[in-house]
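Participant: Given chain A, work out where chains B and C should sit, using these hints.
Protein chains in written order, with this note's numbering: chain A, 53 to 165; chain B, 14 to 186; chain C, 61 to 347.
Hints were generated in silico from the structure; no laboratory data involved.
Note that the Cβ used here is the ideal one computed from N, Cα and C, for glycine as well.
It is possible that part of the hints are untrue.
Derived DEER-like restraints, expressed as beta-carbon distance ranges [as the list claims (entries may be wrong)]:
| # | chain 1 | residue 1 | chain 2 | residue 2 | range |
| --- | --- | --- | --- | --- | --- |
| 1 | B | Ala147 | C | Glu262 | 48 to 56 Å |
| 2 | C | Arg111 | B | Gln18 | 33 to 41 Å |
| 3 | C | Gln135 | A | Ser97 | 53 to 61 Å |
Facing chain C, from chain A, some residues (calculated, C-beta under 10 Å) [as the list claims (entries may be wrong)]:
| # | residue |
| --- | --- |
| 4 | Val90 |
| 5 | Thr110 |
| 6 | Met113 |
| 7 | Glu127 |
Reference excerpt, derived from the structure (chain B facing chain C, CB under 8 Å, subset only) [unchecked claim]:
| # | residue |
| --- | --- |
| 8 | Glu15 |
| 9 | Val27 |
| 10 | Glu50 |
| 11 | Ser52 |
| 12 | Leu55 |
| 13 | Phe61 |
| 14 | Phe63 |
| 15 | Ile89 |
| 16 | Gly91 |
| 17 | Arg93 |
| 18 | Asn94 |
| 19 | Leu95 |
| 20 | Phe96 |
| 21 | Gly97 |
| 22 | Arg101 |
| 23 | Thr105 |
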Amino acid sequence: MQTKAGPMLVSNLELIPGRRIVAHYGMVQGSTVRAKHVGRDIFASLKNIVGGELKAYTELMQEARDEAVERMIAEARSVGANAVLNVRFATTSIAVGAAEILAYGSAVRLDDQ
Amino acid sequence: MELLQFGLFIALLVVGYFAGSAIERRHYASIRRREREYSDVLAFMVRFPFDRTTPQRAFLVHGAVVVSADYFKTFIAGLRNLFGGRFRSYETLMERARREALLRLKADARRKGAKTVICVRFETTRIATGWAPAMEVLAYGTALVPDDGSLLLPEPRAGASRLLGDGLVRTPG
Amino acid sequence: MRLENRQPAEGINSSSEHPLKELAWLLGGSVALVVALVFAVSLSAQWIAPRIPYRYEARLAASLPPIAAAPSSEQGRAVQGELQALADRLAARLDLPEGMQVRVGYSEEKTINAFATLGGQTVFYRGLLARLDSEDALAMVMAHEIAHLRHRHASAALGRGVAVGVILSVISAELGRSSAAGVLNQAGLATLLSFNRDQEREADNDAMAVLAQEYGHLGGAVDLFRIMAGLPGADGAVAQVELLRTHPLTRNRRQAIEEGARRLGVALDGQRRPLPPAIAALRGESG
Chain A
53 MQTKAGPMLV
63 SNLELIPGRR
73 IVAHYGMVQG
83 STVRAKHVGR
93 DIFASLKNIV
103 GGELKAYTEL
113 MQEARDEAVE
123 RMIAEARSVG
133 ANAVLNVRFA
143 TTSIAVGAAE
153 ILAYGSAVRL
163 DDQ
Chain B
14 MELLQFGLFI
24 ALLVVGYFAG
34 SAIERRHYAS
44 IRRREREYSD
54 VLAFMVRFPF
64 DRTTPQRAFL
74 VHGAVVVSAD
84 YFKTFIAGLR
94 NLFGGRFRSY
104 ETLMERARRE
114 ALLRLKADAR
124 RKGAKTVICV
134 RFETTRIATG
144 WAPAMEVLAY
154 GTALVPDDGS
164 LLLPEPRAGA
174 SRLLGDGLVR
184 TPG
Chain C
61 MRLENRQPAE
71 GINSSSEHPL
81 KELAWLLGGS
91 VALVVALVFA
101 VSLSAQWIAP
111 RIPYRYEARL
121 AASLPPIAAA
131 PSSEQGRAVQ
141 GELQALADRL
151 AARLDLPEGM
161 QVRVGYSEEK
171 TINAFATLGG
181 QTVFYRGLLA
191 RLDSEDALAM
201 VMAHEIAHLR
211 HRHASAALGR
221 GVAVGVILSV
231 ISAELGRSSA
241 AGVLNQAGLA
251 TLLSFNRDQE
261 READNDAMAV
271 LAQEYGHLGG
281 AVDLFRIMAG
291 LPGADGAVAQ
301 VELLRTHPLT
311 RNRRQAIEEG
321 ARRLGVALDG
331 QRRPLPPAIA
341 ALRGESG
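Chain A extracted, bound-state conformation (with noise of 0.2 Å):
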């Protein structure tokens, strides 16, 4: 994956096909909670009426997620891995209109190409 600080391998594989892993460095997290705004909710309301996809929220928790994902490769970076494997997504409803996306996988070193 591209990411502002250089390229950082993200892969919910465990091995990586002609990679050898030199160091387990354990697990990092990126987590966000978010809520949508009244805009949106009364489009959706609306957009309920009609049915189909419902494209601000598809972008809401596209976002949220890259921002976890995010987080999740800063906290790699920080312990010095250059891959993030075993990568798991879970979403959970927090509060009314907000939920909490969490990415988490096992950073490791992985062996130069």
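Facilitator: Quick look at chains B and C alone, frame taken from chain A:
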């Protein structure tokens, strides 16, 4: 009387803020101290043991914590629903909860004599208790202990979790 | 392969921003938003209502049941007759909209109140009438209610109420039953009530002008607010704050009378006219 109601509301807000931040600071201090203390117990997400030659015992360990937001945090979250965006205070709360859950998992593992835990996963659930939601964070994984030949698991010390079975063979008597 | 658990840096998943700063922004922003919305909506309703021709309001009022039933007793009918006569005399001094007829209703309940509503209807309660001691004071109440009718305040209040009700229910739907919803509701109501108070002040001013023309002095207004100040529960015992009241404080209304006297160039005191006979008879009766 509306003055009384208003006064009560302000009082709750103030108490929630001061008590809440004090508790949060103390909790974080405790978390950092225990993270140093448990730095010898290693936790990973990998599915298979690293050492596949030595026989190992495997058993489930877990750590869980239930946290809730104070009155102040809940009030801010209510306002936040109008504008959207990040819930900074809830993010901090959830991070605290996850680190605490992981520490409790490591404590559980150490109590049972393990130094390595693999296949660690997190689960978060909301426990609805009326106006203030409480969140439970559960961390669970498989602890590994090198098999030294005896068929008995080292007896867990007082307070260890008995809730999850360990799936081991015990010699009778 | 090296196996370690390294602790990631702090502050990635948590925030060190001061929560009070976040509170200030959120609270300030949301209260400002609610107040601005309610203000804009109220102002529009206020501007539009008087411009809708009166005949639509009359039609609406006609389709609803009459506010006060006709009085059942001989005495009640006499009182109503006297009230209507006074109303007709005072209404002539105010520029009523085309087609509006002031209709006075009399209720024998002990409530100490009088009000004006849609379709030119007013209602006076026995409880209030029994406490008045001169025709001047009665005329102040009457003129105040007729002034409400003249400015179409009832229609404006109806429009405001509906529009603001929609806004507040959207907020409740979003925020659920949280304390935040309560705070914003109060902010919206406070803004709404300030419009109500403006209406009351406008009616007071018009009523004083009528009094000055009819009686030559504002003694009736002084009497009325003296009586109101003496009522149980007047203005509340604790905090004399206007913010969440429908009417201005009695204290402030009395001050307005003094200013009104100066403005209209009339005296604050003068010869009072006695109450009409049937209404005067109510004073003696207890209960």
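Participant: Now look at each hint and say whether the structure bears it out.
Facilitator: Against the structure, the hints come out as follows:
As the Cβ distance of Ala147 of chain B to Glu262 of chain C is approximately 52 Å, the hint placing it in 48 to 56 Å holds. With their beta carbons about 40 Å apart, Arg111 of chain C and Gln18 of chain B fall inside the hinted range of 33 to 41 Å. Distance hint for Gln135 of chain C and Ser97 of chain A: a CB-CB separation of about 57 Å, consistent with the stated range 53 to 61 Å. Hint status for Val90 of chain A relative to chain C: holds, with the closest Cβ pair at about 5 Å, below 10 Å.
Taking 10 Å as the C-beta contact cut-off toward chain C, the hint placing Thr110 of chain A at the interface is violated, the least distance being around 21 Å. Violation of the interface hint for Met113 of chain A is found here, the shortest Cβ-Cβ separation to chain C being roughly 18 Å, above the 10 Å cut-off. Taking 10 Å as the C-beta cut-off, the interface hint given for Glu127 of chain A holds, the closest approach to chain C being about 4 Å. At its closest, the beta carbon of Glu15 of chain B sits 7 Å from a beta carbon of chain C; the interface hint therefore holds under the 8 Å criterion.
Residue-level restraint check for Val27 of chain B is violated (minimum Cβ-Cβ distance to chain C is 11 Å; threshold 8 Å). A cut of 8 Å between beta carbons decides the hint on Glu50 of chain B: the least distance to chain C is about 12 Å, and the hint is violated. This hint holds: Ser52 of chain B has a C-beta 7 Å from the nearest C-beta of chain C, less than the 8 Å allowed. With 8 Å as the threshold, the beta carbon of Leu55 of chain B comes within range of chain C, its nearest partner Cβ sitting at about 5 Å, so the hint holds.
Below 8 Å, beta-carbon pairs count as interface contacts, and Phe61 of chain B has none with chain C, the closest being about 13 Å; its hint is therefore violated. Hint on Phe63 of chain B holds. Least Cβ distance to chain C is approximately 7 Å, under the 8 Å limit. For Ile89 of chain B, the interface hint holds, the least distance from its beta-carbon to any beta-carbon of chain C being 6 Å, beneath 8 Å. Contact between Gly91 of chain B and chain C, as hinted, is supported at the beta carbon level, the nearest pair being about 3 Å apart and thus within 8 Å.
At its closest, the beta carbon of Arg93 of chain B sits 6 Å from a beta carbon of chain C; the interface hint therefore holds under the 8 Å criterion. The beta carbon of Asn94 of chain B is positioned within 8 Å of a beta carbon in chain C (closest approach about 6 Å), and the interface hint is therefore held. For Leu95 of chain B, the interface hint holds, the least distance from its beta-carbon to any beta-carbon of chain C being 5 Å, beneath 8 Å. Hint status for Phe96 of chain B: holds, given a least beta-carbon distance of 7 Å to chain C, under 8 Å.
With 8 Å as the threshold, the beta carbon of Gly97 of chain B stays out of range of chain C, its nearest partner Cβ sitting at about 11 Å, so the hint is violated. This hint holds: Arg101 of chain B has a C-beta 4 Å from the nearest C-beta of chain C, less than the 8 Å allowed. Checking Thr105 of chain B against chain C: minimum C-beta separation of about 4 Å stays under 8 Å; hint holds.
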